[in-house]
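As a plain string of letters, each chain reads:
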Amino acid sequence: MTDTPIDKAARATPRRVARVIKGVSDRTIAWIFVAPTIFLLLAINIFPLIWTINLSLTNYRANRVNREVDYIGLRNYERILTDTDIWLSMQATAHFLVWTIVLQVLIGFTLAWLINRKFKGNDLWTTIIVLPMMLSPAVVGNFWTFLYQPQIGLFNYVVSFFSGVDPSSFEMLGSVTLAPWSIVIVDTWMWTPFVMLICLAGLRSIPDYIYEAAEIDRASKWRQFWTITVPMVLPFLMLAVLFRGIENFKMFDLVVQLTGGGPGSITELASINLKREAFEKWRTGYSSAFAIILFVTVFGLASIYVKALNKVKER
Amino acid sequence: MADVSLDGVTKRFGKDIGVSDVRLDIPDGSFVVLLGPTGAGKTTTLRLIAGLERPDAGDIRIDGRSVIGETPAQRDVAMVFQQYSLYPHLSVRENLSFPLRSPILRTPEAEIARKVAEVAEVLHISHKLDNKSTALSGGEMQRVSIGRALVRDPAIYLMDEPLSSLDAKLRGDLRVELKRIHADLGATLLYVTHDQVEAMTMASHVGVLDSGRLVQVGTPREIYETPLNTYVASRLGLPRINLLPADLFPGAPTGARTIGLRPEHMIQTPGPDGDGQDASVTRVEHLGDQTRLHLVCGRHDMITLTDPHTNLVRGDAVRLQPRAPLYFDDRGMRIP
Chain A
74 MTDTPIDKAA
84 RATPRRVARV
94 IKGVSDRTIA
104 WIFVAPTIFL
114 LLAINIFPLI
124 WTINLSLTNY
134 RANRVNREVD
144 YIGLRNYERI
154 LTDTDIWLSM
164 QATAHFLVWT
174 IVLQVLIGFT
184 LAWLINRKFK
194 GNDLWTTIIV
204 LPMMLSPAVV
214 GNFWTFLYQP
224 QIGLFNYVVS
234 FFSGVDPSSF
244 EMLGSVTLAP
254 WSIVIVDTWM
264 WTPFVMLICL
274 AGLRSIPDYI
284 YEAAEIDRAS
294 KWRQFWTITV
304 PMVLPFLMLA
314 VLFRGIENFK
324 MFDLVVQLTG
334 GGPGSITELA
344 SINLKREAFE
354 KWRTGYSSAF
364 AIILFVTVFG
374 LASIYVKALN
384 KVKER
Chain B
62 MADVSLDGVT
72 KRFGKDIGVS
82 DVRLDIPDGS
92 FVVLLGPTGA
102 GKTTTLRLIA
112 GLERPDAGDI
122 RIDGRSVIGE
132 TPAQRDVAMV
142 FQQYSLYPHL
152 SVRENLSFPL
162 RSPILRTPEA
172 EIARKVAEVA
182 EVLHISHKLD
192 NKSTALSGGE
202 MQRVSIGRAL
212 VRDPAIYLMD
222 EPLSSLDAKL
232 RGDLRVELKR
242 IHADLGATLL
252 YVTHDQVEAM
262 TMASHVGVLD
272 SGRLVQVGTP
282 REIYETPLNT
292 YVASRLGLPR
302 INLLPADLFP
312 GAPTGARTIG
322 LRPEHMIQTP
332 GPDGDGQDAS
342 VTRVEHLGDQ
352 TRLHLVCGRH
362 DMITLTDPHT
372 NLVRGDAVRL
382 QPRAPLYFDD
392 RGMRIP
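As they're listed, the protein sequences go chains A and B.
The numbers in our numbering rise by one with no breaks, and the one at position 223 of the first sequence is 296.
The numbers in our numbering rise by one with no breaks, and the one at position 61 of the second sequence is 122.
Honestly, the hints are just simulated from the structure, not real lab data.
Incorrect hints may have been included.
[As the list claims (entries may be wrong)] Computed spacing ranges between beta-carbons, pair by pair:
1. A:Val175 - B:His185: 46 to 54 Å
2. A:Asp76 - B:Glu346: 39 to 47 Å
3. B:Asp77 - A:Val175: 44 to 52 Å
4. B:Asp77 - A:Ile117: 57 to 65 Å
5. A:Val175 - B:Pro88: 53 to 61 Å
6. B:Asp228 - A:Lys193: 44 to 52 Å
7. B:Glu325 - A:Lys193: 56 to 64 Å
8. A:Val175 - B:Glu170: 32 to 40 Å
9. A:Val93 - B:Asp228: 50 to 58 Å
10. B:Glu346 - A:Trp295: 57 to 65 Å
11. A:Leu187 - B:Asp77: 26 to 34 Å
12. B:Val237 - A:Arg100: 54 to 62 Å
13. A:Ile94 - B:His355: 50 to 58 Å
14. B:Val345 - A:Thr77: 39 to 47 Å
Using N, Cα and C, we set each Cβ at its ideal position, and we do this for glycine too.
Taking the hints into account, I'd like the entire structure generated from these sequences.
Given below as structure tokens:
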């Protein structure tokens, strides 16, 4: 009798179990292993999605359980797509999304590029820069409301120190023009390190000898940057943008903590609007339709983007 | 093209010695091969000449001017790296034309196209010109790397084991091709390898490196026939030179500690009778064009060559006589 782990396992199997297992094909065994995961996916992802689609076609309200539910076809969708409030919240989301991504990519890549130059203590700097990312969004939102205080806030103080403007003359969170930027600044502060880390991984993946070869081929630093660094980091950068894009499309906690959607509804992002419709106004059918529209938008954008990403990777 | 000279060049990496006091003249149009095992300082020497490393001491001159303070670009050298150092997102054509597009050169487009086509032809990669460089086999990648050096007309070509990652057939072809290119272009070449066949077949001069020091420089025949010491003697020749106690055979000069016998420098007479020392066959290797005979003489193992169609088998007795042996003293230096 041999003594490999498989033989040991075979010997340890009770005879009754062994008899059952013997008749089972490999394929069936594979299914048995995958089944729990599939069940969970169906229960917590697929079923709610289908149920949401179902609800989006009704005038159901979750706070009035006894009311009769009518199927009203696509009327919810019609109302959403013609609702100016919804479009305003979509615009707020777009503004937030575009500017956070632009700033985070620019700053994140620059930081990664600086950190990647070999200097003393760059590991320590990496750790320090990455710290904001490790904080809870609720905490970040909360203490930035203090930083943004016109009287005592550090942010206003610093701005006034450099520009000479009176610190109490502007209110980041209270002003209609500044509030959309205040949330962009906080999200950029918190998540630029994430983009930086991914860019850093990309930069570190470029072997030194490629730069050495370019150096010997008499390519300028500028040309090396555009023909080696940028193309080789691009797939990483695009991945970071994808992650940040999906995350910020559903941004909720940080902004609620900072502005609560205000002043007025100027920073009311789509997800905040959705939450209001669903759990404050209790328009369950209507908000289900809105959720489906958001889902299709993110899904569509992400699929187009992933296609582009794969193309870049293939080069 | 230009001549390159190294004058007492030393480079340390922390406590480790990269190269130590290397003096080497690479005349214009020569094909110099640096030979040595891993860690002997071959690659470091190349990188010092290319300007990728700065020497701790000594001077490097290209065409008579000291280049110590110059960048790799200013030195005008071309280098083939041991790894495939291709620009991964560029096509083969773009890779090959990359050095020519340097603003220093201002090469006209037609000239670039002509040169790229010419080099691609030589390296048999014409049909791959529009491939992405990542969609190539290892051999093709290395040929593109070599091509990227060949499109230029630099002061010196530096090649760091360019053929070591290729299969045997391609390596043989490219060896001939490189030698031809060298002859055609009249190029100056410094070539690093640990493969003695490459050294023997291509080099006009061979430099043997031992842990950072340049032990001997000479033509391949000089190195083979009159090695300075046992180290150099054992770097060239396959099977390796047999290093045996000098008193194993009569006729050693005074002071000789070791006798060096190349496999072809032993006369064997089959049978227990005849001149020379007793030896017995332990193994016979038929390689087709040659047959290697493993012998034991006294308590010493040795390898020699014999008639390809020999009838000798394991256990047979032979008589052994040295022919044109090399003698080395107790410091390993050859006694002339």
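request  = Go ahead and decide if the range 26 to 34 Å is satisfied by the Cβ distance of Leu187 (chain A) to Asp77 (chain B).
outcome  = holds, 30 Å
inquiry  = Verify the CB-CB distance for Val175 (chain A) and His185 (chain B) against the hinted window 46 to 54 Å.
reply    = This hint holds: roughly 47 Å between Cβ atoms.
key: CB-CB spacing for Ile117 (chain A) and Asp77 (chain B) relative to the 57 to 65 Å hint   = Cβ of Asp77 (chain B) to Cβ of Ile117 (chain A): about 58 Å, so the range 57 to 65 Å holds.
key: Outcome of range test on Cβ distance (Asp77 (chain B), Val175 (chain A); 44 to 52 Å)   = holds, 47 Å
query = Does the Cβ-Cβ separation between Val237 (chain B) and Arg100 (chain A) fall within 54 to 62 Å?
reply = holds, 56 Å
request  = Check the following: the C-beta atoms of Asp228 (chain B) and Lys193 (chain A) are separated by a distance inside 44 to 52 Å.
outcome  = holds, 45 Å
ask   = Range hint 50 to 58 Å: satisfied by the CB atoms of Val93 (chain A) and Asp228 (chain B)?
value = At 53 Å between Cβs, range holds.
message = Quick check on a hinted range of 39 to 47 Å for Asp76 (chain A) and Glu346 (chain B), using CB atoms only.
response = For Glu346 (chain B) against Asp76 (chain A), whose Cβ atoms are near 40 Å apart, the range 39 to 47 Å holds.
key: C-beta pair Val175 (chain A), Glu170 (chain B): status relative to the range 32 to 40 Å that was hinted   = Holds - the Cβ-Cβ distance for Val175 (chain A) and Glu170 (chain B), about 37 Å, lies within 32 to 40 Å.
query = Does the Cβ distance between Glu346 (chain B) and Trp295 (chain A) fall inside 57 to 65 Å?
reply = holds, 59 Å
message = A range of 39 to 47 Å was offered for this pair. Does it hold for the Cβ distance of Val345 (chain B) and Thr77 (chain A)?
response = holds, 41 Å
query = Is the gap between the beta carbons of Glu325 (chain B) and Lys193 (chain A) within 56 to 64 Å?
reply = Because 59 Å falls inside the window, the suggested range holds.
Figure legend: structure checked against the earlier numbered hints; every hint is met.
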